[in-house]
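Please assemble the complex out of the two chains, which come individually in their own frames, going by the hints.
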Amino acid sequence: MTFSRRTFLQTSAALTATLSAPTILRAQDDVIRIGGLHDLSGAIDSSGIPMNQAMQYAVAQINEAGGLLGRQVEAVTYDPQSNMSLYSQYATQLALRDKVTAVFGGITSASRETIRPIFHRYQTPYFYSCLYEGGVCDRNEITLGTTPAQTVAQLIPNAMNLWGKKVYTVAADYNYGHITAAWIKRYVEENGGELIETEFFPLDTTQFGSTISKIQAAKPDMVMSVLVGTAHLGFYRQWVASGMKGEIPIASTSFGGNGTENVMLTPEEGNGILTAFGYYETVENEKNAEFREGIKAFYPDNPPVLGETSEVTYEAVMIWADAVKEAGSTDRDAILEVIETGKSYLLPAGNVAIDPLTHHAVRDVYIAELRDQKMDIQQKFEAVQPTDTQMVCNLQETPDANVHHEISL
Amino acid sequence: MDYTIIVFLEILRAISWLVILAAGLAIIFGMMKVINFAHGEFLMLGGYITIMSHNAGVPLWISMGVLAPLVVGVFGIIVERLVIRHLYGRIIDSLLATWGLSLLMIGGVTMVFGNTVQGVSTPLGSLSIGAYQVPGYNLLLIGIAVAMMMAIWLVLRFTSAGLIARATMQNPDMAETLGVRTSWVYMATFGLGSAVTGLAGGLLAPLTGVAPSMGVNFVAQSFITVITGGASMIAGTLSAGTLLGTISQGVTFATGPVYGDAALLLAALILLRLLPQGITGRIFRKSL
Numbered sequence: 424m425t426f427s428r429r430t431f432l433q434t435s436a437a438l439t440a441t442l443s444a445p446t447i448l449r450a451q452d453d454v455i456r457i458g459g460l461h462d463l464s465g466a467i468d469s470s471g472i473p474m475n476q477a478m479q480y481a482v483a484q485i486n487e488a489g490g491l492l493g494r495q496v497e498a499v500t501y502d503p504q505s506n507m508s509l510y511s512q513y514a515t516q517l518a519l520r521d522k523v524t525a526v527f528g529g530i531t532s533a534s535r536e537t538i539r540p541i542f543h544r545y546q547t548p549y550f551y552s553c554l555y556e557g558g559v560c561d562r563n564e565i566t567l568g569t570t571p572a573q574t575v576a577q578l579i580p581n582a583m584n585l586w587g588k589k590v591y592t593v594a595a596d597y598n599y600g601h602i603t604a605a606w607i608k609r610y611v612e613e614n615g616g617e618l619i620e621t622e623f624f625p626l627d628t629t630q631f632g633s634t635i636s637k638i639q640a641a642k643p644d645m646v647m648s649v650l651v652g653t654a655h656l657g658f659y660r661q662w663v664a665s666g667m668k669g670e671i672p673i674a675s676t677s678f679g680g681n682g683t684e685n686v687m688l689t690p691e692e693g694n695g696i697l698t699a700f701g702y703y704e705t706v707e708n709e710k711n712a713e714f715r716e717g718i719k720a721f722y723p724d725n726p727p728v729l730g731e732t733s734e735v736t737y738e739a740v741m742i743w744a745d746a747v748k749e750a751g752s753t754d755r756d757a758i759l760e761v762i763e764t765g766k767s768y769l770l771p772a773g774n775v776a777i778d779p780l781t782h783h784a785v786r787d788v789y790i791a792e793l794r795d796q797k798m799d800i801q802q803k804f805e806a807v808q809p810t811d812t813q814m815v816c817n818l819q820e821t822p823d824a825n826v827h828h829e830i831s832l
Numbered sequence: 005m006d007y008t009i010i011v012f013l014e015i016l017r018a019i020s021w022l023v024i025l026a027a028g029l030a031i032i033f034g035m036m037k038v039i040n041f042a043h044g045e046f047l048m049l050g051g052y053i054t055i056m057s058h059n060a061g062v063p064l065w066i067s068m069g070v071l072a073p074l075v076v077g078v079f080g081i082i083v084e085r086l087v088i089r090h091l092y093g094r095i096i097d098s099l100l101a102t103w104g105l106s107l108l109m110i111g112g113v114t115m116v117f118g119n120t121v122q123g124v125s126t127p128l129g130s131l132s133i134g135a136y137q138v139p140g141y142n143l144l145l146i147g148i149a150v151a152m153m154m155a156i157w158l159v160l161r162f163t164s165a166g167l168i169a170r171a172t173m174q175n176p177d178m179a180e181t182l183g184v185r186t187s188w189v190y191m192a193t194f195g196l197g198s199a200v201t202g203l204a205g206g207l208l209a210p211l212t213g214v215a216p217s218m219g220v221n222f223v224a225q226s227f228i229t230v231i232t233g234g235a236s237m238i239a240g241t242l243s244a245g246t247l248l249g250t251i252s253q254g255v256t257f258a259t260g261p262v263y264g265d266a267a268l269l270l271a272a273l274i275l276l277r278l279l280p281q282g283i284t285g286r287i288f289r290k291s292l
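The listed protein sequences correspond, in order, to chains P and W.
Just so you know, our numbering puts the end of the first sequence at 832, numbered straight through with nothing missing.
Just so you know, our numbering puts the end of the second sequence at 292, numbered straight through with nothing missing.
Chain W extracted, bound-state conformation (with noise of 0.2 Å):
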C-alpha cells in the first residue's frame, strides 16, 4: 500500500516536471512558432541566478520564485528584441539563431563564474509515507505545476491581456487591423516563456548540480513535451506531460531509468506517427 502510493506520487511529480520544464517552451512556440533552442540555457540561467543569488545571503524562496524568473524574463526581452523579431515566420533561421545563442550562453556562464559552482540543498526536508520518505521538495513541484496551468488559463481565458494574445495567436494580421500591435505582444511572449523558463531552472537548481552545460540534460524532454502536445499551450502541455510522465516513470520502477527514458521516446515516436501535428492537433482542438 505505501508502495503504491510512492509509486502514484512519484509518478505525479514526474508529470508535474514534464510541465513546469516545457511550459516557458510552450508558450513561445504555442504562440509564436519560434522554437527556441536555447530553452536549456534559459533553464541554466536560472539555475545559475537562484544559486548565485542564494550565496550572495538572498533568500532561496526569493531568488528562486522571483529573481530568477524576473532576470530571464529580462533577458528574454532582450534576445527577442535583438535576434528573434528579425526571424519571426522564417522557422529554420530562428532555429539556428537560438542555437548560437545556446553556446554563447555557455561559453559566456563559463567565462563568468566558472565551470564549478557550489549547489544549494533541496529545502523542505522529508516526509515518511508508511515505511517510505519521500522529499517534501516533490509535492512544491506538483503544486507549482498546477499552479502553473491555472495561471496561464485564467489569464488567457479571463484578461484582455489573454484575449489580445488569443487574438494575435490564431490571427495575427487580423489583430493588426484592429489595431492590436502584434510586435509588442511577442515580445510580451517571449518575456513570459523565458520568465517561466527561469523559474523552471530556478526549482530544478536545488534537485541537481548546476553546470554551464547543464542544459543539454533538459532540452531533449522539454522538446518531446511541446512537440507531442502541440500547438495548444495548456491542454497539449498537461495531456502529453500526463502521458509521457506516466509512461516513463512507470517503466522506471518496473525495469529502471534506461529503459523509462527509451520508454519515453518510444511513445512520442509513436505518437508523433500517428498525431503528427501533436496531440492537441487531433484532441482538444479547441482548447487553449
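Just chain P, with the same shape it has in the complex (with noise of 0.2 Å):
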C-alpha cells in the first residue's frame, strides 16, 4: 500500500483528531451543510450580496430555533464571481467534496444553467431564486422566482385599463427580454390591445434619444419596459429629461427586481412607473414585517436591499428547511416527495406553494408604483400559476428531464 503525501497527512490529521478530540469531531459531523453561489464580486454582485445575506440570515434563524433534525445547519458559500468555470468549479466542489444536501444560488440564467447539471447529475437538490425567462424542465431544480407569465399577465390588463390600449415596447437585447417581450405581445393582443412596436438595447446602450423621438412619433397610451442594468437607466433618465414624464406612462416587470435601481432614480425621475413582481420591501403581513425587522437587526451595519431575489433566497431555504423537518432526513428523494405535495407556504411574499409538474413557485404577484422610491403596493393577485412553464414541462410525465425549454411563442 502507497501513501501519497497528501493521503497521509490526510489519515494522520483524521487519526490524531479522533484520537484527541472525538466528541468535537462528532459535533463537526452533526452539522448539515448547505452550499451558497452567488455572485458576490463583480458587475452584478448588487444582487448577489442581498441574496447572500438573505441565506444567511434563514440559516442564523433556523440554527437559533434549535437547527434542523437536532443538528445545525452550516453555509458553505463560494464567490463564483460572475465567472461561468469557477461557477462550475465551485458546483462539483458543493456536490463532491463539501457533499452539501442543497444549493442555493445562481443569479443569470447563464449561470444557472451552468451550474443546473452539474447538480442534477450529481443528484444534489438545486434552489434558484432569480425571477427568470421560464421554461426549466428538471426534477433535481425547485424553481422559486417569477417567470414572465406570472408578472406580465397581471401588469398588462391593469395597466391598459388606467392607461389605454396602445403599447410601446423597449426591452434588453438578450433571451429574458426576447421571451418576456413575446409575453407582452400576447397579452397586450389578448386584452384587445395594439402593440406598435418593440425595440430591443444591447445591454450597454446608454442613449436612448432616437427611441424617445420615435415614441414621440408613434404616441402609444404606454410604454413597457423590459430594460435591464445600470445603463438601461438611461432611458428613464432621458426620459424625464425629453419632457416626457407625466405625458406617456411607464410600466415594467424588469425595473427594481432585486431592490436597488428604485433608489438609483431620484424621485421626480422614478414617480409613477409601475412594476410587477413576487415580493415587494412594502409587502404587508406579519411575515414580512418580522422578516423586515429582522435581517436589519442582523446586519445593523449593512442591511440588505430587499427585493424578490433576496426575499425568494430565504424563502428557498426556509421551505428547504420544513421539507428536511417533515421528511425526517435530509435525502434528496424525501425531500422532493415532500416539496411535491404542493403544500403551502406562509412567508414574507404571501402564500408560496412549489406546482409539482413544474416545480416552479405559484405564489402571490403584487402590483405596485414607485413613489419617492418606494414601491407602493396597489393591488395582490393571489397564487398565480407558472403558465409558460407548465407550456412545456411536465415532471410527473418526464421526472428524468434535465432541458432549459426556450419557449416559444
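Take the hints with a grain of salt, since some may be wrong.
[To be verified] Computed footprint of chain W on chain P, listed as stretches where at least three residues anywhere in the stretch have a Cβ under 8 Å from a Cβ of chain W: (1) 633-643; (2) 654-662; (3) 688-696.
[Unchecked claim] Non-contacting residues of chain P with respect to chain W, defined by C-beta distances greater than 10 Å in every case (computed): (4) Glu487; (5) Arg494; (6) Glu709; (7) Asp745; (8) Gln808; (9) His828.
Source of the hints: derived by calculation from the structure; they are not laboratory data.
We put the CB at the ideal spot given by N, CA and C, even for glycine.
Below you can see the structure in the form of C-alpha cells.
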C-alpha cells in the first residue's frame, strides 16, 4: 500500500483528531451543510450580496430555533465572481467535496444553466431564486422566482385599463428581454390592445434619444419596459429630460427586481413607474414585518436591500428546511417528495406553493407604483401559476427531464 | 419636417457624444502613444465625483464642470507618476498596467461608495420642436464638444505650451536637446487628458446610471473612435466621431439600436482595413 503525501497527511490528521477530540469531531460531523453560490463580486454583486445575506440570515434563524433534526445548519459559500468556469468548479466542489445536502444560488440564466446540470448529475437538490424567462424542466431544481407569464399577465391588463390600449415595448437584447417581450405582445393582443412596436437594446446602450423621438412620433398610450441594468437606467433619465414624464406612463416587469434600481433614480424620475413582482419590501403582512425588522437587526451595519431576489432566497432556505423537518432526513428524494405534495408555505411574500408538475412556485404577485423611491403596492393577485413553464414541462410524465426549454409563442 | 430636425439634432448629439467621450483618450494616445485601458474607469470616477459632491450640496454645474475634471486630472497625474512613466514605449506593458488599474478602481469605488448610488436628474428641461420634445441638455453636449475641440486647437496652435507639446509629440529627443523636459510634458498631458475624461464622466452622470462597473459601457466606443481617427487629436477625433456617429445614429433611426451598434462596428472594421493608420494616417495628415 502506498501513501501519497496528501493522503498520508489527511489520514494522520484524521487519526490525531479522532484520538484527541472525539466529541468535537462528532459535533462537526453532525452539521448539516448547504451550499451558497452567489456573485459576491463583479458587475452583479449588487444582486448577489443581498441574496447571500438573506441566505445566511435564514440559516441563522433555523439554528437559533434549534437547528434541523437536532443538528446545526452550516452554509458553505463560494464567490463565483460572475465567471462561468468558477461557477462550474465550485458547483462540482460543493457536490463532491463538501457534500452539501442542497445548494442555493445562481443569478443570471447563464450561471444557472452552468450549474443546474452539475447538480442534476450529482443529485444535489438545487434551489434557484431569481426571476427568469421560464422554461426550466428538471426535477432536481426548485425554481422560486417569478416568470414572465406570472408578472406580465397581471401587469398588462391592469396598466391597459388605467392608461389605454396602444403599447410600445422597449426591451433588453438577450433571451430574458426577448421572451418577456413576446409575452407582452401576447397579453396586449389578448386584452384587445395594439402593440405598436418592440425595440431591443444591447445591455451597454446608454443613449436613448432616437428611441424617445420614435416613441413621441408613435404616440402610444403606455410604454412597457423590459430594460435591464445600470446602463439602461439612462432610458428613464432621458425620458424625463425629454419632457415625457407625465405625458406617457411607463410600466415594467424588470425595473427594481433586486431592490436597487428604485433608489438609483431620483423621485422626480421614478415616480409613477408601475411594476409587478412576487415580492416588495413594502408588502404588508405579519411575516414580512418580522422578516424586514429581523434582517435589518441581523445586519446593523449593512442591511441588505430587499427585493424579490433576496426575499426569495430566504424563502428557498425556509422551504428546504421545512422539507427536511417533515421528511426527517436530508435525503434528496425524501425532500423532493415533501415539496411535491404541493403544500403551501406562509412566507414574507405571502403564500407560496410548489407546482409538482414544473417545480416552479405558484405564488402571490403584486403590482406596485414607485413613489419617492418606495414601491407603493396597489394590488395583490393570489396563487398565480407559472403558465409559461407549464406549457412545456410535466415532471410527472418525464421525471428525468434535464432541459431548459426556450419558450416560443 | 419636425422629424428631420429631430433626426439631425440626434445625429449631432451622437457625434458630440463620441467626441466628448474620446477626447481625453485621444490626447493621451495621440501625444504619448499610451493606451489607457482604465479610460472607462476614469469616466466612472468623474461621474461619481459629480454625483457625490452634488448630493453633498455642491451646485451641479460646479461639481460637473470644475470638481470632476480637477479631481480626475490630479488622479491622472498621480497615476502617471506612479505607473505610466515607467512604461513609456512599452505599449503592451502599459496596456496591462492600466487594465489592472481599471480593476483596482472598480473594486476601490465599490468598497468606498458601495454598489448603489442615487443619480442626479438631467438638468435644463426639455425643448419643443413641433410635435417633438428633446432634452435641452443635448444642446449643451453639442456646445461642449465644439468648445472642447476649439480649446484644444487654440492651445496647440497659438500658445507656447502648445508649441512645446507639438514638438515633443513630433520628436521627443530633439525637443529634449533643445531644453524641453519631456517627462514633465508627458505628465501634464496625461493630467490634461484625464481632466478632459473626468469632465466627460461628469457630463454623462445625469444621462445614465452611475455604478462602479459602468466604464465598460463606454470604453469600446471611445477606443474605436480614437483608433479609427488615427494619430492627430483634433482632426482624427472629429472625423471619426462624425463618420461613426452619423452611421450608427442613422441606422438606429432607420432600424433600431441593435443594428445601429452593429453598423458602428462594421464601419470601423472597414475603415481600419482600408486605412490601418486611422483616418488621419492617410487624409488630413498634417493637421493637429
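Quiz prompt | Numbers of unmet hints, in rising order | solution = none
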